[in-house]
Amino acid sequence: MRAFYQLISYLFHPLFIPIGGTLIYFIITPKYTPIEMQSGNILPIFILTVIIPIICYFILRNLGMVSSIFMPSVQERKYTLYISISLFLMIVYKVIPNNYSTELFYYFFGLITASLSCLLLLFFKFTSSIHLMGMGSLLMYLISLSIHFEINVVIAISVMTLATGLVASSRLYLRAHSKTELLIGFIIGMVSQLMTLKFWL
Numbered sequence: 001m002r003a004f005y006q007l008i009s010y011l012f013h014p015l016f017i018p019i020g021g022t023l024i025y026f027i028i029t030p031k032y033t034p035i036e037m038q039s040g041n042i043l044p045i046f047i048l049t050v051i052i053p054i055i056c057y058f059i060l061r062n063l064g065m066v067s068s069i070f071m072p073s074v075q076e077r078k079y080t081l082y083i084s085i086s087l088f089l090m091i092v093y094k095v096i097p098n099n100y101s102t103e104l105f106y107y108f109f110g111l112i113t114a115s116l117s118c119l120l121l122l123f124f125k126f127t128s129s130i131h132l133m134g135m136g137s138l139l140m141y142l143i144s145l146s147i148h149f150e151i152n153v154v155i156a157i158s159v160m161t162l163a164t165g166l167v168a169s170s171r172l173y174l175r176a177h178s179k180t181e182l183l184i185g186f187i188i189g190m191v192s193q194l195m196t197l198k199f200w201l
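Numbering (UniProt numbering) for the sequence shown: 1 to 201.
Everything labelled a hint here was simulated from the structure, so no lab data went into it.
These numbers were taken from a predicted model, which means no experiment stands behind them.
Heads up, a few of these hints could be off.
Using 27 angstroms as the maximum straight-line C-alpha spacing, the simulated DSS-like pairs for lysine-lysine come out as follows [as the list claims (entries may be wrong)]: (1) K125 with K198; (2) K125 with K78; (3) K78 with K179.
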């Protein structure tokens, strides 16, 4: 059972949330999007949110600044969030404007808001779950896209809800977070996306 929950924690690691939202957008959107526009967003976002953070992790680990990919200490989480926020800002200001998509722009704006909120809480020694922050953001974004494009994606929303429950259970089973930390992380993710809806929904 422990191996199963560890697998869930890896599969739904916050590292994959940005590229996950990007892929969901291009799968769901009924808008005509040339292959150049898709690759112009997906490839740079994948490099900036998956490849570069992994490289940064190995550098930080070799320097003895982090001990695990799950960043258990407050200071380790700060490093992660500093890097994430910087990369999200680069995407918002450099990547998306080249192949502009309003929905994607505000998705990443919501992720920046959520990451800043989690970082702020760290200064008060409160570690909200970044796993659940990511799942909350992705779930709310999926629901928003469904409403925005008037497309029935109930099955996808159900699967995402189930996945969110599994991630929460895995973090509890592995004793990575308390119920409060999971709940706060999930609320931060949901609310950060909700706040952007008035700009594009």
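Do the hints match the structure? See the list:
| no. | hint | verdict |
| --- | --- | --- |
| 1 | K125 with K198 | 32 angstroms, violated |
| 2 | K125 with K78 | 11 angstroms, holds |
| 3 | K78 with K179 | 21 angstroms, holds |
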